[in-house]
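**Q** Whenever a hint applies, use it, and build me the whole structure from the sequences.
Here the protein sequences line up with chains V and F, keeping their order.
The first sequence begins at 77 in the working numbering and counts up one residue at a time.
The second sequence begins at 188 in the working numbering and counts up one residue at a time.
What you were told as hints is all true, and nothing was included just to trick you.
According to the in silico footprint, chain V covers these stretches of chain F (three or more CB under 8 angstroms from chain V): (1) 226–234; (2) 256–268; (3) 313–323; (4) 383–395.
Pairs of lysine-lysine residues, derived as DSBU-like cross-links and limited to a Cα-Cα distance of at most 35 angstroms, are as follows: (5) F/LYS372 <-> V/LYS235; (6) F/LYS372 <-> V/LYS231; (7) V/LYS95 <-> F/LYS755; (8) F/LYS755 <-> F/LYS625; (9) V/LYS549 <-> V/LYS326; (10) F/LYS625 <-> F/LYS637; (11) V/LYS235 <-> F/LYS209; (12) V/LYS239 <-> F/LYS363; (13) F/LYS526 <-> F/LYS627; (14) V/LYS239 <-> F/LYS367.
Worth flagging that the hints you see were computed from the coordinates, not collected in a lab.
Ideal Cβ positions, reconstructed from N, Cα and C, are used throughout, including at glycine.
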Amino acid sequence: MLDILSEELDRNYKALQGKGDPAPYYLAYAVSEVDAAAVTASQGALLSSSARRSRTIDVTIRVGNPKVDNYHSVRGEMAQFTAGVPLALDDSPDAIKRTLWRETDRCYRLAAERLITIKTSKEVKVAEKEQSDDFSDAPPLTARETPGAQDFERKDWEKRARKLSEALAGRPSILSSSVSAMGGREVKYFVASNGARLMHGRPTSRVMLSAQAKSDDGMDVATFDSFDANNAKNLPKEGKLKDAVEKLGKDVEALRVAQVVEPYVGPAILSGRAAGVFFHEIFGHRIEGHRLKDESDGQTFAKSIGARVLPDFLSVIFDPTLKQSAGEDLNGWYQYDDEGVAARRVPVVEGGVLKTFLMSRTPIPNIPVSNGHGRRQPGNEVVARQSNLLVEASKTVSEKELREMLIAELKKQNKQYGYYFQEITGGFTNTSRRGIQAFKVIPLVVYRIHVDGREELVRGADIVGTPLASFAKIIAAGDKLEVFNGYCGAESGSVPVSAISPALLVSELEIQKKESSRERPPLLPAPAGSSTLSASPNDGGVN
Amino acid sequence: MRRRSLILAGLAAAAAVVSAQKPEDDAILLAMREEMARAKTLRLQGVNDQLYYIEYGLDSLHSFDATASLGALIRVDENRARVPRVQVRVGSPEFDNSNYVYTDLFGAARAGGGVPLDDDLTVLRRYFWLATDRVFKGSVEAIARKRAALRNLTQQEKLNDFAAAKPTQLYQSTVKPEIKAEEWKKLARDLSSVMTAFPRVTGSSVDFEAGYGTSYFVNSEGSEYRYPDNLFYVRARASAQADNGMAVRDAAMVVARSLDKLPPESELRKAVEQMGRNVTALLDAPVGDDYSGPMLFEGIAAPQLFAHLLASNMGLTRQPVNEPGRNFPVPQSELEGRKGSRVLPEWMDVTDDPVREEWNGQQLQGTFPVDMDGVVPQPLKVVNAGTLENFLLTRLPVRGFEGSNGRARLPGNFGAKAAVFSNLFVTAKQTVPAADLKKKLIEMIGQRGKPFGILVRKLDFPASGSIDELQRQGMAAGQRGGSSRPAALPVLIYHVYPDGREELIRGVRFRGLNARSLRDIISAGAGEQALHYAGNGSPLPMMGQGGHVALHSVVAPAVLFEDLELEKRQEDWPKLPVVPPPALTSSVK
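**A** In structure tokens form, the structure reads like this:
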């Protein structure tokens, strides 16, 4: 495969350099080859089961020169050249080369057209404030590494998912629920005109559990849990998954009848997993380097290098070379990023002080080179993205002490209760200059902690706020790290990420009451009976 | 966006055993029946418009799709899915929640997913229980909003919302899917490798698809059905860019309702080879010019022309109740309001026959036992002695017509189904031997002093290009004063000179060709040709489209027109690539 790609790359690059006007100065082919299978079951019955093999080609062609090329950011407009078209699944030079040739031609035309537009607009407009280059050099790496195998037996997992999901059938207040499992392996091929030749990749697997119910007042409540491992054989054993399903069921039933929160401002504890998501959403997205090129972005930390952005006992590191933490496989690791740059550990905040940004090969003022965070989902253009986010605390306290500190803080602020956020599913954040620089994260399992130490499950809480204000109010960290594995969606598509953090005590967090559905619970009771028919001869298997 | 598996509506396997025996062991029918019985008791307090009709439909699918290019697989997809439909009508047949611009938003769109692939009665029932609850509540909201909208509107015409129909029960045994993955992957690879012999063709692919389906239906009036709904496809496309930048293309397609009716591989290879030869010939063909004069459609172009111009205009649509001050035009049939008018020469008839299984040894593709409203269709004379007599109808009352003739074959909008044809037979009482039509064409150009006439042998129908290309064509045609509605392009079109010589041309399109043009047919040939394809109810379906499709056959004779027009295509063609194409290494010849 690398040979086929290299041959066609060289042929196209030479010809375009000779006859193309404007001529390209860089050409790269990135192929993503994915073998993946997934199953979903609900209440003991299979909902879906599929297996897929795909190959996608992304072409990057740069015309002009590294100072100003066709990717030049103009007023926040993201250039898109690649289309992520399918490539032959067989290693057939004829079929593969024809596709590469057609895609190179298509991207070259778009690139040439955009460069001409940019040059015209550059001449007209007053020079923009930011004068960094459009592309940075990177050493041409060569490696051929065969990624680890994936042991995901789809038929076995169909059985397992049916069995696991059956446990929720006995809980009548759960309206819908599912158990999903997927296993896949991605091989990435990367060749570029500077001589880079890479083959690498990784397996991924995941189990996801979810359950939804409706409170009598119409509010939807949901719980979610997931487990990630590189190889499916490292996923939790059946007993542990069964326990997780049980807990999920109990949690959603308890949530259904839990108290509804009222708007609140005051102290709160974020569990390690919740704090990880909080940092990913609110901090991580704001230090993705390309945002500093985008005039329409709020650029929260634009002038903050060397400045204090977090309390001095906290550091934040992005480390895509880390495969495990706290005994769990991490989702955000890779060997090379999607621009052929080697992954490396990047301390972003040290002792509360901002040191650098996450960088792709698109330079920003004062940071001329990549630090291996140029990532994308096939079919998108690369931008700087997060990998494994680690929150490190130089002074920590035990969970018990953290709880005591919360109660002390409550007393100090004269509050009757505070909150403990156990599970957060994700959130969104607006980094644009238009609209409010704000965020919202969506917690799933939240407890109210009273000054007397009592705990009470609540529902309907959203955490809201503005980023800079929120970080200043972190006052203590726990001593146990927790891992959140997930997939992050942004400009360059969905990429696997992790966030690892200790629990955090925040002196002031703002909670909003979730917008609630007005729809009433179902009018008729659930259908009676749990009999399962024997397999019908005309359709899929049933046990 | 990924492509989809096709969801079929309205076909039946020839071999299926028809039985009126109610199957008591079919989990899907049982779940529908049991939940239907409970759903009939649904009531909302304090609301006037209560439920009067419920319908459950479900398509169970198991499909396999392999696409290859130049001998290499590009995509393989095996998919199992159960696609449900839940409809609830509240109010009364005279006035209900349908035929309102937001009907689907509050109703059908809320049916959601989550139908199990396993025949688990409880989980199936849970799906219908929850979906019915959501759709019922949505339907109550829709009718309230519809009433509110009508407070500020005067309706031009008061039509009922739902026509009565006799309940039907029909049960056919299902067909067990047999997925021969390796065999079919090899077939796609082998057929696509034929194109390695045509190095000037720069883009080509062959797609094999097997779709096994079963269609289920239960409504609250006592209608029930279950029948197999299968589709097997081979599609091939090829394209290239001529010296002036113009794109030239050809496509080949076969469809069958059962696997054993697909042509043997040797025949499929010939079709792919012919496609390669056609595209190569088109690269060297001269560019045609504007033309006005006699035109002959023969071979597959004749049924293609009728499918394109006539078939898609045989159903009627209706404007939904809208929100005041908003315009939401629904495309109308070109034949709307022309019942009793002449649409073809007096010596021509058109019949839509959903019952007939075969024609001239070929399997007819449009045959189906019962429609999506649960109505059993009968053959229908659409055009009698050139005069339009009937339209295709569903249970949707339309201007001048109320009562279905069983043509609801595709999901429609605003709570209705779309009326779509089955097997269309275009027949001529007066014909001339096929060879004489060309002589007649030559005579006509002689009389009119024209240097040549035009002969069309193949249209790009269903369209083989991309949606983008189709839109660009529409815009380009609109710019020259033509209609911007999608129009089929000619693929194989020839100058015919007085000495009988034929010359292939490219780069022209029809001007002003529409359903009205069919009145100007002056002669028809003896012997007919059949076209079999999958359509979606639009005048120009796409060859690789996803979503709901219905199979059709069109049988028609060659036809000669007194006067039709062509115009030269004047799109801006892209430049040829800077880099020449890579050489083919595994060329077989």
